[in-house]
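Q: Assemble chain B onto chain A, guided by the hints.
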Amino acid sequence: MLAKYVARRFLASLVVVLGVTLITLVLMDRTRGTYVPGIDLNPALRPEDIARLRADLGLDRPFYIWYITWIWGVVHGDFGRSMIDGSTVMSHILDRLPNTLELTGTAILIGIIIAIPVGVIGALRHGSKADHTLTVVSVAGFAVPQFWMGLILILIFSVTLEQHGLPWLPSSGAYSAVNGGDFIDRVEHLILPATVLSFFYMSTWSRFIRSSMLEVLSQDYIRTARAKGMSERRVVYLHGLRNALIPLVTLIGLELPGLVSGGLVVEVVFGWPGIGKLAFERALQYDYTTVMGVTFFATMLVIAGNLLADLLYGVLDPRIRYS
Amino acid sequence: MSRDEVADDKGFEQFEKFLEAWSRRDFLKRAGAAGAYMAFLGGAVEFLDACAGGSPTTTTTAKKGGHVVEGNFSDIRTLNSMLSSDTASNQVIGLMFDGLLNYKANGDLIPALAADLPKQSADGLTYTFKLRPNLKFSDGQPITSDDVKFTYQLAYDPQYAEVSSPRRGDLSKYIASIDTPDPQTVVIKTTQVFAPFLASHGLYGILPKHVLGSLSAKAINTADFNTAPSVTSGAFKFVSWEKGQQVTMARNDNYWAGAPYLDQWIYKVLPDSVAVTNQLKTGEIDIGPVDPGQFDALKTTSTVAMREFGVPTFTFYAYQLDPSKPAGPLFQDKAVRQALLYALDRQSIVTAVFFGHGKVANSVEPPTSWAYKDKPQVLVNFNKAKAESLLDGAGWTKGADGIRAKNGTKLKFTMITNAGNKQRESMLTVMQQAWHDIGVDATPNLIQFPQLVSQIVSIRTFDLFLVGFNWSADPDVSPLYHSRNAVPGGFNGADFKNDQADTLLDQALNTLDRTKRKQLYGQFQDLMSDLQPSPVILFNNGIYGVNTRVQGTDFGPFNQFAQRPWNHGVWVTDGK
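These protein sequence lines map, in sequence, to chains A and B.
Numbered by the numbering used here, the letters in the first sequence go through residues 16 to 338 in order.
Numbered by the numbering used here, the letters in the second sequence go through residues 1027 to 1602 in order.
Because the hints were derived from the structure by calculation, they are not lab data.
Hints should not be assumed to be uniformly reliable.
[To be verified] Which stretches of chain B does chain A cover? Using the computed rule of at least three CB atoms under 8 Å from a CB of chain A, they are:
| hint | region |
| --- | --- |
| 1 | 1498–1507 |
| 2 | 1534–1544 |
[Unchecked claim] Some, not all, of what chain B presents toward chain A, calculated at C-beta under 8 Å:
| hint | residue |
| --- | --- |
| 3 | Val1095 |
| 4 | Val1493 |
| 5 | Phe1517 |
Virtual Cβ for every residue (Gly too), placed ideally from N, Cα, C.
If we strip away everything but chain B, and leave its shape as in the complex, we get:
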């Protein structure tokens, strides 16, 4: 294709075809013709602008073939469902391994490998699962109750104590035994009534016993299967993991819900959220999580459809409540804790820091939860006057320097969060200003994430920390608020200890009836709205950009990362 042919003889009509044919992959192959479009630039810029977006072709019937490239920031760590503890790994495992159960978008349980939700014994201790008939692994071997038992054994059976499973704490505590009366039936006996059992532990990807069963516990930690699973039970099977670059997966024709439409699903590792935005624009990736700050940059891109929904992810800050720590005495009085929260204009934080993509929290439970109480006993809205009167009433009066003090102790402390998280950094700045306005001297201090985690779970010399957290579908929040998790390694780093809170949380864990649980969590939310040991600032929104050629995705609060019951139904309109 010479310069003359394109530029002079064929005209715009030809040039349009030429552009369409010019895929990025052929860049160098066609570099010889590069002069052609340069020659055009002078006269044809408007034309080029006009044809830049292009309208997506919509086909109503799904068709087989093609691929989807999903972008994300983190590489995976393992593909073994019993060893993983990070979101990225769980997300990719979810594409290749199905559990007994799965979540609907709202977090309700639905059967996956199980034919139905399990039958529960009257005492609430025994769950009986029936597997779907004719389940097969990707290699054609049947998926039986033995595989299910084996999978759970890795994390609860003392025989497998050497398997480094992050799930051992819970599973070994709650599972008494697993029986397999026949290849389709799994009977799990639990040691005590534990309401979140199914929601927390019924979704682990089922592993093939015929591949891993012969390995010793120690060998399972380092099995090749963890990095290159030869056999899978989910919609896709494993092709390759090029570390730091991508995981490639291909259609599993033996999938119980029907073979996926797509030939391949590719999980691609990207440097950061800016790269996700750029590559959604260029079409290098089809699906990717979008930073709130990038939302507007993508909204105008005609090839990308935006999906936005509330998620159980939240940002909160915690006061040091251990009186033996330097700042502990400052926060013992709930009036101080409430006053500081009243002084924060959280709606402005949502608007300015999250560009409106979030929701001010009224409660410690997320709005996505069935247990959420929108109007708990104490509803804290931005009210500077109230904040000042609360502090005055509690005896914290302004000194000559404008800083409040009581009995010679100044209301002065340091706030920590992890450096590099722009939103959290901005929030600390806003808090510093807002609290300065009511005579409180709070200084931000940015530290590395590992140091922040150390501070929260063990060292605990902080005054106040700000961090994010993510709940599962069950409304149990005891990891943050139960006194038993104030021990080293637990996440109750604020050292919040309250008998009434403990009782409510324990009762709710031992109650199976959802209506009764909801009441208990309602009372708990009322209590927390009054005590405010660690106020939740806001609940985040999940935002995904999806290329318009991709059909059949259905992101939702609980169908975001690992649990995507719709993944086998995703297809692409252009078949590429």
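Here chain A stands alone, though its shape is the one from the complex:
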């Protein structure tokens, strides 16, 4: 039953992938004008050079021919080469995927670890001073733009601390330029971007947990559990929290593509060599192949994330069965 369900979901997702990639291509193609990716205002280029480079990239053909050629390649496992630097798109994605997973994975983990207790405290003591304080912090979390928070953290923890001769944190990159890359070095570089990103996750999720927890705690079965004389700890954590976490699973499942693209703004501000930054930069340069490759990849993750969330429901809630 489950296998059949997954197979059907997979087939349906093919339509989604085709739709999303086609729309991406049309949007790029319609706004590109006659720009040839990788060609700047370089006086050494002659008109015939620009025309030849355009043809070399296949941009002298209509977009649907380009699309069919691209799909044909993808079906054969070939995502093509970047229009900007000639490297394979796959190598770009694989080069940056570990960096992105490192950043967003850490941020999501920290986000969950902090959001759950914050949400639970907010629900158990709703209306209290602690709840109000946490609410203010959470609202700040999604109200404050990530790029601004990033810049402020850089100013304080990188520049200002250094100017005062104090130990400071690096402001960009995933590791030091010189002899970098060991564990401690990577963690140092991770602190500031992961803080900004996890603050956002924490704020969003803690609000959800709080309201979901409030709802669950007012249910009849909670009253029953209390009436049976169950300890408050068991009531809250066994009966309450487990049920309250179900909506969070959907949210986190939907964050799976965020594992790849969720940190876009943070990656750009901190010069973090991840997939979000790659997609952002290459979209501005009309690097069709790279943008299409990343789009394809991200779409697959959205589908997988949704599927995973649905399947996890079954684990968390025995009433749900797939057919």
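A: Relative to chain A, chain B alone:
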């Protein structure tokens, strides 16, 4: 190291040592002691301020070892000198590949792999290069005339037509043949006299034939060599390219000018100019280009020395001159074009938008060029009254709404530039105001860079565009002003067509004698100062911040990006 040890027992003297030893890299390792300096903050802030900068130790003799980290905004695209067309790639290629020739700071040619400047035949068609003796690639293989020929073949020989080289247009037009009578001699025959040939095409990094020679033309486009060159001919050799992050290069012991002092040169990709400033301050990068707006923020940093020099980079705007386009008819009269320029207080633009780091342009040639004419025939200085009288004289009179009109057509148009470039955005605002003051209705419109490029090189429905451009060392400016480049794909997007200008530019291209060329470009500048088809607003300054521990850099107008004949002589005082 416990809190007590540092804070209570050892005192300031110890604490100073403690701070010195506390490198940023050890942040977490020493996080346990973090409380120590916190305890100090209360009483020791003044002390900390006092020791913040630290004076650089100056050693006069260069020493071996250490690294330099250079920051920039763009990642590179390729490391193949025959495929690259962007500044970032060329800059990194310049560290790893030498050409036959190189530039001095003023743009004059000097020999690099060639032993001397080439001998030129009397008819000006043949260049004979002698290579330096005992040249070697980084792998120890000799660099011979075959490698030089092979490098150029990639971009001119029909056999390599499938190589996607942006240089094919010029090279296939001008190179007739390349002969290699012996391993040290390269004879390049050109099809016609072309004055900028050496300055434009004599500097490409020489590639190793023994690595790439066996590949087909198509395979060269996607060769591993383009992203990870195993063999180099310049001061440094390739170590790694971590995309989006950095390119690491190491000393090439076989370099002809002597092995570099540095162990490593690292090219680091940063998000923007603010990050460059921040990391110059923190010492995360040693060298970086500085935005004029950040100049003052860095000037006071004692560990960073500023280098500033004029460059052949400029910002200009172009009028739509094609009469078939909507705004074309507005700008046909040169009085209108001159009047608009007279109305601009360009010195204020340099002061307000570039914080004084630039130079108002009197001419279309950059002041860094030997062909520059400081006082061309018509010298346009800010003069609002003159602007108004020119427009009045041309029949553009103010209507009831304050906007000038002629025969029912209002002097009203849109100005485009690329969004995100703050300086250009500000300039459009200044222009809007200045022209509004003389009764001209100009509206700024910000578009994405690719759309702007499309507008300039092919679509061309704009009224007026503002953009920057960068010349090479040769004073040829035909890409912008020759009518043959008004075709689709050419950079003469304004559709400026003038027979006299074409003749002067062509003559100057076919004249080898510099004195005669200078005269021709002088006449051309006089002509342009009168016609003003696309006025240059200002010439920029190149600004670099260099950490004081780095010695031996010598940035200049033409020794800024790819051409840095001094790069092997750079060294660091602390050997780190």
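Q: Which of the numbered hints are not met once you compare them with the structure shown?
A: 2
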